[in-house]
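The residues making up each chain are set out below.
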Amino acid sequence: MSAPTKTHPELSAVFNKDEERVNWHDETLWWIRQKRDKSANSIPEWEVLREKASQIKSNALSNLAGYLVSFEEKAKANGIIVHWAADAQEHNQIVHQILQKHGIRQLVKSKSMLTEECHLNEYLEKQGLEVIDSDLGERIVQLAKEPPSHIVLPCIHKKKEEIGDLFHQYLGVAAGTSDPQILTEAARVHLRETFLTRKAALTGVNFAIAETGEFVVCTNEGNADMGAHLADVHIACMGIEKIIPKRKHLGVFLRLLARSATGQPITTYSSHFKKPRAGQEMHLVLVDNGRTIQMGREDFRASLKCIRCGACMNTCPVYRRSGGHSYHNAISGPIGAILAPNLDREKYADLPFASTLCGSCTNVCPVKIDIHQQLYKWRQVIVQEGYATSAKKMSMKIMNYTLSSPGVYRTAGKAGRWVLKYIPFAVNNHFNPWYKQRDMPEVPKESFGEWYKKNVK
Amino acid sequence: MSRDKILAALRQNQPELVPLPAAMPLERVEILELQAKFKAMAEGIGSTVHLVDEFAAIHPLITARFSGEKRIVSTIKELVSAGIPAFEFDSDPHSYEDVDVAIFKSNLGVAENSALWLTEDQMGIRVLPFITQHIVMVVPLSAIVPDMHTAYQKIGEAEYDFGTFIAGPSKTADIEQSLILGAHGPRSMTIFIYA
Ligand code: SF4
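If you read the protein sequences in the order shown, they are chains A and B. Under UniProt numbering, the first sequence has 141 at position 141, and the numbering climbs by one with no breaks. Under UniProt numbering, the second sequence has 35 at position 35, and the numbering climbs by one with no breaks.
These are computed hints drawn from the structure, not numbers from a lab. Fair warning: there could be bad hints in the mix.
[What the hints assert, rightly or not] Residues of chain B clear of chain A, computed beta-carbon distances all greater than 12 Å: (1) Ala56; (2) His59; (3) Leu61; (4) Thr63; (5) Ser67.
[Unchecked claim] Below 25 Å or equal to it, Euclidean Cα-Cα: the simulated DMTMM-like pairs (lysine to aspartate or glutamate) are: (6) B:Lys5 / A:Glu211; (7) A:Lys17 / B:Glu176; (8) A:Lys74 / B:Asp121.
Glycine residues also receive a C-beta, built at the ideal position from the N, C-alpha and C atoms.
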């Protein structure tokens, strides 16, 4: 059992050396992917929905400036204070200033991948403020001093015994507790106390409606609502690409989001914040941080359609066997590998290579982003710009622990079975669960072994 | 100023205007048995559903189920009695910290996912549907629509300060994907559908 004080790189290394854990991680995510399939297949018009969602997002992106102006105007008229941040630094400063103005030193936060992207927690902690993450998975990784390893399932890499150790150390549960029910109850008690005593709450935003100036936050736990409705100050932070034109478009996106993420028909809560509660102050921070640049890259623009459902991660054979931390970026998985090089080509040159290009991500994406094609295009850009050496070095490392760990690619027979079971593109026969799915990707004309040799040399 | 910089960069970089698609057709391939579908979806995500012939049948069922609970509040006037006190407004949301059961009326339920729509004026106070240990929702059968498209068609241009779709008790599966009901919000959700 890893001690909870271990650092993130140490834990990552442990994760990737431990064959059993890698298999468990792989199978857990595959199971979620299967729930997504079952849910999607229960909707006869699923493909029409995906197409509509993609087209609505195309429209939103093509008129984003106009929609942002309209959103701002409506939101202001609704009594929301709107801020604009060019980058992560400005975003963090804005949040800090709001808290300072109210003399607040403690913040309760619900899930927001944007604040992970901006490293808000570290920033505020350096200024002497305390931030408590209230999503259970995020609280767990926060106690473990790790970043989330998945955008929807932040502690998917953690075993319940490790969580028990953390809760023993920090929340006083009995040593050796690993029952999820008891651990969840302990977190409920701890976080309820937090919700009741914090004067400021920060939430993310899933959708912001240009037509009405309202924004929608989706959670299963109810933590965003508990925080926001008890606090005197609510700060909501969003990337500028979260805008959709009309309220009725939520019908399309709310049908797709939870089904794609976990297979649920909808999240437990889909809360529409239009005006602050009487006596409450509500802030909304609109963040660019590289999005306007991505907008200008025709090949990668569509990545801004992402609704952060996590389906591309759950289905990705490389993500499933390498874990979110191996992507060394707030957003991991296939979509993270497209978004990251936009911000720093050198630092993230390796990520577009952490893919088999099997296309499974593209097939499940609810907004029809051509994910694997964009990964392929980034590789070309990275090679052209001369970052290929470091990319290959890094990709070598990732592929090594992903695909060549003992037992994974050890013997022909074992490898054969693994490939059949978990590499979707390899073989088209009845052993391959992909074969039965309508999401069956195009089959490349090479074997896994050939692909592997070609790609990591 | 960042605002103007961002907007200028977007105007520079965003593509030619792409038109919005036509709305989703409202006729589904699947003909939904609304009530049965709603009930199956609700039970599938951990809610308890009672189908009752008339509104009057709801009160005794609530008292039978929750008689052991200390603080019950009803935002539905017609259900208030000696055993079920009326919701009383206090502008401090923290004062509802010890609510065990809160009762609400929804006028919109969605069969495809069993979500029930509540707006702030139906909640009494925003925090109540979340802070209560157990939530009870009462919805007329005629308020159930097939899917989210028809739901938003019904919401239309409605004015609300805050509104939410609630589907089931609060839940988490963050610990090894074990589904646990009662994450931060209600531990249970009981739905009464009356004809
Ligand atoms: S890229 Fe598509 S599949 Fe991946 S998280 Fe975004 S919306 Fe979901």
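Results of checking the hints against the structure:
1. Separation of B:Ala56 from chain A is adequate, the least Cβ-Cβ distance of about 30 Å exceeding the 12 Å criterion.
2. Its beta-carbon lying about 27 Å from the closest one in chain A, B:His59 satisfies the requirement of being farther than 12 Å from that chain.
3. Residue-level check passed: B:Leu61 sits 23 Å from the nearest beta carbon of chain A, beyond 12 Å.
4. Remark: the non-interface label on B:Thr63 is consistent with the geometry, its nearest Cβ contact in chain A lying 26 Å away (cut-off 12 Å).
5. No beta-carbon of chain A is positioned within 12 Å of the beta-carbon of B:Ser67; the least distance is around 24 Å.
6. Annotation: proposed proximity of B:Lys5 to A:Glu211 holds, straight-line Cα distance about 23 Å (limit 25 Å).
7. Restraint check for A:Lys17 and B:Glu176: satisfied, since their Cα atoms lie roughly 20 Å apart, inside the 25 Å limit.
8. Between the alpha carbons of A:Lys74 and B:Asp121 the distance comes to roughly 21 Å, so the proposed pair stays at or under 25 Å and holds.
Of the numbered hints stated above, none is contradicted by the structure.
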